[in-house]
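*Asks:* Residue-level listing of the chains:
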Amino acid sequence: MKALWARRNLVNVIAFTVVLAALGAVDIFRPFGLSFSALTGRVVTLDTMIRIGILTIVVVGLNLLMGYAGQVSLGQAGFYALGAYFSGILSTLATRHTILPGITGLWWWPWLMIVVSMILTGGFAYLVGKPILRLKGNYLAMATLGLGVIIHILAGQFPDITGGYDGLTGVPRLSIGSFTLWPMQRYYFLVWGAAIAVIVISLSLVDSRIGRALRAVHTSEVAAEASGVDAEQYKVQALVLSAIFASLAGSLYAHFQGAVSPSPFSFRASVELVVMAAVGGLASTWGAPFGVGLIYVVRDLLKSQLERLLNVRSGEYELIVYGIILVSIMIFMPEGLTASSVQFMQGRRRRHGNIEPQRVQSNGTVEDLGQ
Amino acid sequence: MRQFFRGKIGKIVLATGLVFAAIALCVWLGSRQRLLPQHYVQLTLDGMRGGSIYALMALGFVVVYRVTGVINFAQGEFVMLGAMLCLTIHKLPLPLPPALKLIVAIIAAIVLATLIGAAVERLTIHPARRSPPVTLTIITVGVTITLRAGALLAWGADPYVLPAFSTLALEDHIFRFGSVILQAQTLWIWGTLIVVLVLLYFFLEHTIMGKALRACAVNQRGAQLVGINPGRMSMLSFALAAALGAIGGIVLGPVTRPIYDMGLMLGLKGFVAAIMGGLVSVPGAVVGGLLLGVTENLAAGVTNPTYKSVFAFVILIAILLFRPQGILGGTGQATEEVK
Amino acid sequence: MPPILEVKNLRKEFGGLMAVFDVSFDVQPGEIVAIIGPNGAGKTTIFNLLSGVLPPTRGDIRFDGQSLIGLKPHVITGLGLARTFQSVQLFGNMTVMENVMVGCHQQATYGLIDAAFRLPHARREEHHIRERALAQLAHVGLESHAEEPALSLPFGRQRLLEIARALATVPHLLLLDEAGSGLNHSEKAELEQLIRVIRAGGVTVLLVEHDIPFVMSLADHIIVLDYGQKIAEGTPDQVQADERVIAAYLGQEA
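Chains as they are written, first to last, in our numbering: chain A, 9 to 379; chain B, 477 to 815; chain C, 71 to 324.
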């Protein structure tokens with residue numbers, strides 16, 4: 009049984025990697041003049057694909073935190089911002105302040121700073137996580153929301169360090185020795201390599217002692233602790249890990265854009281991350297890339313179609329439909345698209361296999377504490 | 477020592493100490509900016525103006541939260557709708573004298589916003605009523621996005637103006653007390669808050685519908701047993717919250733410039749105010765709103781106005797961590813709900 | 071032999087209400103002890119105090135000579151005191167097997183990083199946990215359901231699964247909170263048999279029960295509570311003959 013499960017994961021990962029690598033290769037070699045965006049009917053460009061990869065990394069982490077450990081975060085964009093800003097600030101030190109001039113120009117400096125950013129962001133998450141994770145449900149959501157908003161506002165405040173509202177520019181491209189990971193076709197491989205690594209880590213975690221502890225805390229903290237699980241410790245670990253993933257994504261974003269400004273890290277961004285996680289399916293690692301991808305595609309399509317229909321150029325009218333889609337998903341498929349479609353397929357298989365469908369209650373209840 | 481601060485007297489001593497420390501810090505920072513006493517008065521008055529709006533919004537949060545357990549993110553959008561609908565109706569070429577026209581616009585805007593609030597509940601919360609509150613909260617986020625984008629479509633991205641209530645023009649009466657100034661609209665805002673509180677009190681205490689709403693907030697199952705329909709009460713709570721929000725938006729209209737995305741920050745601040753009041757208490761919401769308005773305005777005044785919102789959210793997190801039952805609450809209901 | 075559990079003057083107040091009022095008792099190793107009493111007598115509260123879910127207002131609890139006051143629930147579990155819940159609390163998002171594997175949590179030591187990169191020592195421990203969990207399932211007769219969703223089991227088996235999960239923590243003392251409630255006759259007989267087997271395996275058992283006949287045939291020693299106070303204690307025969315016990319139960323029925 010166990011071996012089967014592991015093999016299924018392995019097959020999924022390999023298939024996913026091969027497909028993405030093939031798509032990336034098409035854009036590099038252009039066989040028969042084909043390009044990435046032509047293959048997808050101009051719906052998904054390479055640029056979009058890279059953005060999807062970056063956000064997949066954030067959402068995989070958010071999924072561990074929300075979907076598995078059951079701790080809602082409405083401030084995940086804050087950690088994403090920290091990664092982007094730490095990386096952006098640290099990798100442009102040389103040009104801005106001529107600190108350590110000999111070293112900061114070297115090719116490995118930005119890579120090192122990505123790791124430093126992850127450590128700093130993780131450390132920050134650890135410090136705030138201890139007190140904040142005592143809160144539950146709506147209260148936790150609001151505290152993380154506040155945290156995200158504070159980071160967003162502060163990011164726009166210190167022009168000397170963060171570049172203020174205009175942001176930082178001149179974030180260098182990444183390179184390995186003299187091999188620059190640019191143009192985009194090369195960066196694509198870096199981003200999706202990182203995304204797949206994060207997915208593999210998440211899959212391994214979920215199916216381990218740690219993952220079981222997180223899922224146990226989600227259902228019933230009291231029962232988890234009675235089984236020997238230190239609920240507080242695992243909640244903090246989940247938060248720190250999700251923050252580290254978000255930080256990595258932020259760094260990749262900074263080196264992709266070549267610039268960092270506060271606007272992509274607003275409260276709306278945090279909400280969107282939650283939506284992506286929810287659409288893909290909470291408690292489903294594979295839901296992350298599909299959730300992010302679907303939201304991107306739907307939004308881009310809506311934007312281009314609505315602009316044509318309404319004959320307008322600017323504005324964000326697609327958000328109307330986007331909001332309606334979000335509401336509909338939460339009403340009709342609260343477990344997310346991936347879970348709902350999997351259930352649908354399993355339901356069919358069961359009916360075909362003449363096995364009686366089992367009634368599964370959605371949740372254990374916590375009732376009888378202290379009579 | 478620890479034991480002392482846990483006791484009742486200890487807590488009072490601690491709270492008083494903190495308040496004095498905050499005032500001392502405020503005065504010290506202010507003296508570095510060379511603020512004079514009248515500046516503090518001005519900052520406090522302005523803070524109470526913003527705080528009254530927060531209080532109205534916090535009331536909306538409290539009403540919905542107590543009846544449904546949902547934190548209604550769309551509360552800020554109701555404020556925006558109130559202001560936008562009012563100024564749109566006001567601009568219609570109706571053959572009415574100016575004062576009457578404004579009154580008609582105000583009433584129509586409140587009614588429309590209330591209907592929208594009820595419709596939002598029917599269309600989004602009601603179908604998902606069996607989901608956990610966090611899911612419902614996310615649904616209200618979706619509603620927020622839709623309403624805001626709808627407003628962008630309807631009204632564009634430019635700010636509008638609403639005439640001041642006293643002069644029916646853009647220029648408002650200004651009262652001067654030495655160097656302290658007070659706009660007439662500020663008095664309208666305070667007056668509105670008081671009138672709304674009186675009406676709300678009357679509604680909740682002396683009408684059947686209000687009593688049913690309160691019953692539902694205290695014990696839903698019990699309310700159902702005596703024949704109250706919780707679904708209808710949920711709709712009523714959203715309608716009431718929308719009305720409260722719209723009123724706030726309308727009276728605020730003349731002092732800000734209403735714009736399609738004004739609801740976001742206002743909604744969040746209103747929520748902070750509700751949390752300060754403990755999220756379940758009507759007087760708490762009012763005190764929380766006023767206190768938040770004054771605190772953030774004073775804090776911003778003695779440091780740097782761009783940090784105004786940062787203070788609000790620092791207060792939010794501090795309250796959640798140290799006094800989740802709110803600043804007024806004892807160790808009652810709210811702590812129980814922090815599970 | 072020193073007692074495995076010593077409870078001294080244990081008291082719990084809920085906002086002025088005395089849920090547990092200065093209760094003292096000892097549990098000897100290898101015994102099956104039952105706490106009985108009418109509804110609201112404070113039985114489940116005592117369990118919540120013993121397992122660290124609630125802090126006592128005052129009093130002391132000593133387990134294997136060590137005080138449990140102020141310890142977190144998972145630490146208490148680690149010391150060898152496991153429990154089940156009155157309303158079964160399984161992890162509904164997991165399989166039967168995984169539920170028991172959560173119980174084995176402290177039997178492994180590998181951490182986040184080992185798990186994330188599937189290091190050899192994590193895999194080895196994981197293999198070990200699996201075997202232990204399977205053995206526990208076999209113990210309660212659920213091994214053939216190992217890969218089913220936990221909540222797809224019928225209620226009686228859910229109770230057994232919860233006991234298996236508690237046993238997986240390798241307890242010296244097992245607290246069973248109304249383990250018999252909601253079970254039919256044959257299931258109760260099975261449960262009684264299982265409890266005897268558990269005791270034979272060297273685990274002391276402390277029960278909270280409501281079903282008096284069930285307890286009378288099973289327990290070596292009985293503690294009777296009423297309104298948070300201990301009103302009687304002794305062998306089943308002694309307790310049955312005690313006038314205060316009869317009054318408490320009759321009073322409730324009247």
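Please note: incorrect hints may appear among the correct ones.
[As the list claims (entries may be wrong)] Part of the chain B face toward chain A, derived, beta carbon under 8 Å:
#1 PRO603
#2 SER607
#3 ALA691
#4 VAL694
#5 ASN695
#6 GLY698
#7 LEU701
#8 VAL702
#9 PHE747
#10 LEU804
[Said to hold, decoys possible] Just the calculated beta-carbon pair ranges, DEER-fashion:
#11 A:ILE127 / B:PHE798: 25 to 31 Å
#12 B:PRO609 / A:PHE340: 15 to 21 Å
#13 B:SER507 / C:ASP92: 36 to 42 Å
Keep in mind the hints are simulated off the structure, nothing from the lab. Note that CB positions come from ideal geometry on N, CA and C, so glycine has one too.
*Asks:* All hints, please: hold or fail.
*Replies:* Each hint, compared with the structure:
1. Of the supplied interface hints, the one on PRO603 of chain B holds, with its beta-carbon coming within about 5 Å of a beta-carbon of chain A, less than 8 Å.
2. Interface hint status for SER607 of chain B: upheld, as the beta-carbon distance to the closest one in chain A is roughly 5 Å, under 8 Å.
3. Violation of the interface hint for ALA691 of chain B is found here, the shortest Cβ-Cβ separation to chain A being roughly 23 Å, above the 8 Å cut-off.
4. Violation of the interface hint for VAL694 of chain B is found here, the shortest Cβ-Cβ separation to chain A being roughly 19 Å, above the 8 Å cut-off.
5. Below 8 Å, beta-carbon pairs count as interface contacts, and ASN695 of chain B has none with chain A, the closest being about 16 Å; its hint is therefore violated.
6. Because the closest C-beta pair between GLY698 of chain B and chain A is about 17 Å apart, greater than 8 Å, the hint is violated.
7. At a threshold of 8 Å, the smallest CB-CB gap from LEU701 of chain B to chain A is about 20 Å, leaving the interface hint violated.
8. Among the interface hints, the one on VAL702 of chain B is violated; its C-beta lies about 24 Å from the nearest C-beta in chain A, farther than the 8 Å criterion.
9. Checking PHE747 of chain B against chain A by beta carbon gives a least distance of about 7 Å; that is within 8 Å, so the hint holds.
10. Taking 8 Å as the C-beta cut-off, the interface hint given for LEU804 of chain B is violated, the closest approach to chain A being about 17 Å.
11. A beta carbon spacing of about 29 Å between ILE127 of chain A and PHE798 of chain B agrees with the range 25 to 31 Å that was offered as a hint.
12. At roughly 18 Å, the beta carbons of PRO609 of chain B and PHE340 of chain A sit within the given window of 15 to 21 Å.
13. Between SER507 of chain B and ASP92 of chain C the Cβ separation comes to about 58 Å, which falls outside the hinted range of 36 to 42 Å.
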